[in-house]
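**Q** These are the residues of each chain, in order.
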Amino acid sequence: MSTPANLRYAASHEWLDPETGRVGITDHAQNALSDVVFYEAPKIGRQVKAKEAVAVVESVKAASDIYSPVDGEIVEVNEALAAEPALVNTDPYGKGWLFKVRVADPAQAAALHDAAAYDALAAQS
Amino acid sequence: MRHTPLHQAHLRRGARMVEFGGWEMPVFYSSILDEHQAVRTKAGLFDIAHMGEFRVAGPGAGAALDQLLTNDVAKLAVGEGQYTLLPNERGGVIDDLLVYRTGEEGYLLVVNAAKIEEDRTWIASHLPQGVSFQDESDAVGAVALQGPKAAEIAGALLPGLALPARNRIVSTIWNGVPLEIARTGYTGEDGFELFVPAASAEALWEALFEVGTTHGLQPCGLGSRDTLRLEACYPLNGQDLSPDHTPLEAGLGFFVALGKEAEFPGKAVLKEQKASGVQRRLVALKPLEKGAPPRSHYPILDGDRPVGEVTSGTLSPTLGHGIALGYVEAGSAAAGTRLDVEVRGRRLPVEVVPKPFYKNNHEHSRQSPLRRLP
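Listed in order, the protein sequences are those of chains A and B. Going by this note's numbering, the first sequence opens with residue 1, and the numbers climb by one from there. Going by this note's numbering, the second sequence opens with residue 1, and the numbers climb by one from there.
Because the hints were derived from the structure by calculation, they are not lab data. Be careful, since some hints might not be right.
[Unchecked claim] Label-pair distances were calculated between CB atoms; the ranges are: (1) Glu-206(B) to Ala-53(A): 16 to 26 Å; (2) Gln-8(B) to Gln-47(A): 27 to 37 Å; (3) Val-78(B) to Lys-95(A): 25 to 35 Å; (4) His-297(B) to Lys-95(A): 26 to 36 Å; (5) Ala-86(A) to Thr-213(B): 51 to 61 Å.
[As the list claims (entries may be wrong)] From the derived model, a few chain A residues whose C-beta atoms are all more than 12 Å from chain B: (6) Met-1; (7) Val-37; (8) Lys-49; (9) Asp-114.
Built from N, CA and C at the ideal position, the CB exists for glycine as well.
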């Protein structure tokens, strides 16, 4: 799966769609986790800061913290993951999105890694 | 990190590798859920070459082992094995292991990888003159073949060999090398553990896939090994067993022969504990709500009182919900007791349930003595 060019990326393997504010984890991350079995979503309305742990994705073996890539407010969470957490594995950039954040500062979003930079990072980890 | 003889074979199959007790081991090849299901419905093959193998032999070997292990070594016939514990002076567990009587005065002990050195030091220093001890862990490679199709696959690999019955071990020659095959496992399914010289382990692994792939045989890693054993409520040393918990507290009294004549370390402690009752028990917990699975070290509460801690927990692929083992105060341990597990600051309601979570219903499956646990 190639890294979508329209998204921005955090070093902790989250992606942000600057247009919609949606956040998820990358294909690299879902591959490392393997089967996602449970998603603990953040509360809607929560104010979050960049790099703050705001959600948890549980694989069979362990719980993984999900960090907000930017400052903002949680405005929506992906309800589909309650019944089908495996969407995070099968469609990490699409139906497996985790939550939507109202981005406080677009410049902060723009400063995240682009696809090429993220690929380079991921290749090292 | 150390590598087993099967390391290249794992890389060839695209395994995701992790560090485990100083070894680099496969955690999964396709996925944990997929491999778990393969073992429950067809067959899986596990690399267990990291585990330890000791040979204890000579006149009095059996009696010597009876003074070190909790179960009744004296009652083993040649070709028979038993699950047992290696206790410390306080009645706690140094290791859990399988001991097989391979000859009149010859025994094979199969021990946990993380405990090879400790077990070796302890056992070797306690054996009397005349009883020999050999650590063959590096010389032997082992694999575990598990699942309802395991017997068919083993039969295809070793045509003409009468496969051993549950808890028995037989020796044969395969490909010109000695092969021992024991009917046992850590998954709750029918299965075998096969032991060959380390240099032949890779050939054995590939040969099993040659005959087994058509029966649905898949390579399986440590991830599914853990979910399988936890569904069957088999304890893991280092999590559910420890030097500070007795086998009686762990519910393993069936494997502690307090009535045997031989004295073993901690016997008096365990006798006293049996008489007065255990103060805490290793129980099986089932969540009553959908949520994150309980994990090791999560606190267990009875009302507002902390009464214990989770030792092992995971999502059960077969059952589709979280499952866990944990020690709780005896007063909160009865089946049906409603407790809470603290998960990231919130309470997850759970219930104490009888062990095991999963019992296989396959034809030709042998009764595991572990299933007779209360």
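**Q** Could you tell me which of the hints above the structure violates, numbers in ascending order?
**A** 1, 2, 3, 5, 7
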